[in-house]
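Undergrad: Each chain, letter by letter, is given below.
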Amino acid sequence: MDLLNAIVALANFVLIPATAYGAQLALGALGVTIIYGILRFSNFAHGDTMAFGTATVILVTWGFQAMGIGLGPLPTALLALPVGIALTSLLVLGTDRAVYRFYRKQKAAPVILVIVSMGVMFIMNGLTRFLIGVDEINFDDGTRFIINARDFKEATGLAEGLALRSTQVITVVTAVLVVAVLFWFLNRTRTGKSMRAFSDNEDLALLSGINPERVVVYAWLIATALATIAGTLYGLDKTFKVFNYFQLLLPIFAAAIVGGLGSPVGAIAGGFLIAFSEVGVTYAWKKVAGYALPEGLEPDGLLQLLSTEYKFAVSFVILIAVLLFKPTGLFKGKSV
Amino acid sequence: MSEPFLIAEGMTGGYGAADILHNCTLKVETGEIAVIVGPNGAGKSTAMKAVFGMLKLREGQVRIGGKDITHLTPQARVAEGMAFVPQTSNVFPTMTVEENLEMGAFLRRDDIRGTMEQVYSLFPILKDKRRQAAGELSGGQRQQVAVGRALMTQPRLLMLDEPTAGVSPIVMDELFDRIIEVARSGISILMVEQNARQALEIADHGYVLVQGANRYTDTGEALLADPEVRRTFLGG
Ligand SMILES: Nc1ncnc2c1ncn2[C@@H]1O[C@H](COP(=O)(O)OP(=O)(O)OP(=O)(O)O)[C@@H](O)[C@H]1O
Ligand SMILES: [Mg+2]
Numbered sequence: 001m002d003l004l005n006a007i008v009a010l011a012n013f014v015l016i017p018a019t020a021y022g023a024q025l026a027l028g029a030l031g032v033t034i035i036y037g038i039l040r041f042s043n044f045a046h047g048d049t050m051a052f053g054t055a056t057v058i059l060v061t062w063g064f065q066a067m068g069i070g071l072g073p074l075p076t077a078l079l080a081l082p083v084g085i086a087l088t089s090l091l092v093l094g095t096d097r098a099v100y101r102f103y104r105k106q107k108a109a110p111v112i113l114v115i116v117s118m119g120v121m122f123i124m125n126g127l128t129r130f131l132i133g134v135d136e137i138n139f140d141d142g143t144r145f146i147i148n149a150r151d152f153k154e155a156t157g158l159a160e161g162l163a164l165r166s167t168q169v170i171t172v173v174t175a176v177l178v179v180a181v182l183f184w185f186l187n188r189t190r191t192g193k194s195m196r197a198f199s200d201n202e203d204l205a206l207l208s209g210i211n212p213e214r215v216v217v218y219a220w221l222i223a224t225a226l227a228t229i230a231g232t233l234y235g236l237d238k239t240f241k242v243f244n245y246f247q248l249l250l251p252i253f254a255a256a257i258v259g260g261l262g263s264p265v266g267a268i269a270g271g272f273l274i275a276f277s278e279v280g281v282t283y284a285w286k287k288v289a290g291y292a293l294p295e296g297l298e299p300d301g302l303l304q305l306l307s308t309e310y311k312f313a314v315s316f317v318i319l320i321a322v323l324l325f326k327p328t329g330l331f332k333g334k335s336v
Numbered sequence: 001m002s003e004p005f006l007i008a009e010g011m012t013g014g015y016g017a018a019d020i021l022h023n024c025t026l027k028v029e030t031g032e033i034a035v036i037v038g039p040n041g042a043g044k045s046t047a048m049k050a051v052f053g054m055l056k057l058r059e060g061q062v063r064i065g066g067k068d069i070t071h072l073t074p075q076a077r078v079a080e081g082m083a084f085v086p087q088t089s090n091v092f093p094t095m096t097v098e099e100n101l102e103m104g105a106f107l108r109r110d111d112i113r114g115t116m117e118q119v120y121s122l123f124p125i126l127k128d129k130r131r132q133a134a135g136e137l138s139g140g141q142r143q144q145v146a147v148g149r150a151l152m153t154q155p156r157l158l159m160l161d162e163p164t165a166g167v168s169p170i171v172m173d174e175l176f177d178r179i180i181e182v183a184r185s186g187i188s189i190l191m192v193e194q195n196a197r198q199a200l201e202i203a204d205h206g207y208v209l210v211q212g213a214n215r216y217t218d219t220g221e222a223l224l225a226d227p228e229v230r231r232t233f234l235g236g
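Protein chains in written order, with the working numbering: chain H, 1 to 336; chain A, 1 to 236.
If you are wondering where the hints come from, they were derived from the structure by calculation, not from laboratory data.
Incorrect hints may appear among the rest.
As the list claims (entries may be wrong) - Quick list of in silico lysine-lysine cross-link-like pairs, BS3-like style, CA-CA up to 30 Å:
id	chain 1	residue 1	chain 2	residue 2
1	H	K326	H	K107
2	H	K287	H	K153
3	H	K311	H	K287
4	A	K129	H	K105
5	A	K129	H	K332
6	H	K286	H	K238
7	A	K127	H	K332
8	A	K56	H	K107
9	H	K105	A	K56
Owing to the predicted nature of the structure, the values given are computational and were not obtained by experimental measurement.
So here's chain H without its partners, still in its complex pose:
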């Protein structure tokens, strides 16, 4: 039995990756939940907004690199983020003007808006491929590790190594900052409160003189910023590939719905719940169990519940369970 090695292995293969992934999902789910709260439909184009946003960030990163501008040990993409957000906002606000507003004026049913957003999704997807291609792109030019597995082993003398990548730390730190700013905005500023009021009771918001079109613009801006940040962090942590972002839609929706659509706190909780479930279920626990269990009891099998190819099934099962037993989600969102 070797508890220390078990804990290190657990942190290395489950806790750290799931925390980073959870933060990325949480940011994505926040964007979905804010659009749902204000515009009252599930935005299927959110994954591809993330992809488009990340693509613009990558292009701007290349531009900065060509000009020799960088952030030293940090990835240049962080510097490119604000520009990427601004460019993506233009596209998203343009889409709202050209597409969504038309249906809003008609007071179209949410299910129609969902289908409209699917159309937007396909167009954005094509646009992104056209812009940056379909290949995998690695755009992380910062220092790779904060803690390196080999150094860790040498320093501690443990058999298990612990690796902490810079992108994982950057992801978590950025997510915490972004969430703090978002909650401050929603709870403390006049505009943020008017958005919550609009989400709560649209008619009464109108009676109070709140301008719906302004609220909608703010909602898109926030969702776009969240999508671009989440997409860039995910791309830095893994690599960028347009199709992966489309696939992220399922865990992100699962996170938003599990937490309760329209509830920002719920989106964050949902993001981590999905991430930990996904990593936990697809991780082969043989190693951790081998260290943690007394001698002679080590397992023979891999102790892997699902192979990683099936990781999206986890979101799917959680999603269905929530919809069956608690359709409003953990944090009393609006029923779907």
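Following the hints, complete the assembly by docking chain A with the ligands onto the known chain H.
TA: For chain A with the ligands alone, kept in the frame of chain H given last:
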């Protein structure tokens, strides 16, 4: 005397093809309480929505303080000094009492703390509950939040659609007292009430609406005394 503060004249219109309101007229003098009563489905709420611009009128016009506002949006009417408490979902449920009041004052750019204190002195219970979500309050407390939110715009005309719906008789008397107090401060009040008898007792003017048209119009006192009105609408 000069013309009434609010004049909604000859309102005809509805939600779709069929008219709900038929040549309906409502007037409120400055600082007085006007009450609309009538059976369920008579179009009382519809008339309120029409006055507030939430319903397209085919005919008729609405004037406030002599100004024609027939074609203004509800938001623009808020800026003209009108405030409306709808019959249902009249608070922001997940927001605190204080935030509900702040949202009422959304269009104001000046200091709103004075008005908020006035609302708290009118409804002291709200001050104790100011950090609580409005959706967690009792029905009577929620109605107070709703009226408080409307008062935050410092309106000149306060429109209330069944403010006492679902509250106990004691709370109802309380609310009526508060409404009288508001009217004394110079705010005109147009109110729909299910508790017709009590409402007409505090009303300067009363309108009995039936099938979207004015059936009886008189002072509250006269309506209460009218045997015909008593028999048909006040239950004897
Ligand atoms: N949003 C709407 N769309 C279509 N018709 C409506 C709508 N709201 C009300 N109506 C119809 O208009 C008529 C009048 O309704 P209204 O709500 O004005 O009555 P009311 O006098 O306020 O009744 P109550 O005392 O029950 O509140 C009813 O026949 C109702 O069915
Ligand atoms: Mg009504």
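Undergrad: Evaluate each hint against the coordinates.
TA: So, going through the hints one by one against the coordinates:
no.	hint	verdict
1	H:K326 x H:K107	holds, 28 Å
2	H:K287 x H:K153	holds, 16 Å
3	H:K311 x H:K287	holds, 20 Å
4	A:K129 x H:K105	violated, 38 Å
5	A:K129 x H:K332	holds, 22 Å
6	H:K286 x H:K238	holds, 25 Å
7	A:K127 x H:K332	holds, 26 Å
8	A:K56 x H:K107	holds, 16 Å
9	H:K105 x A:K56	holds, 16 Å
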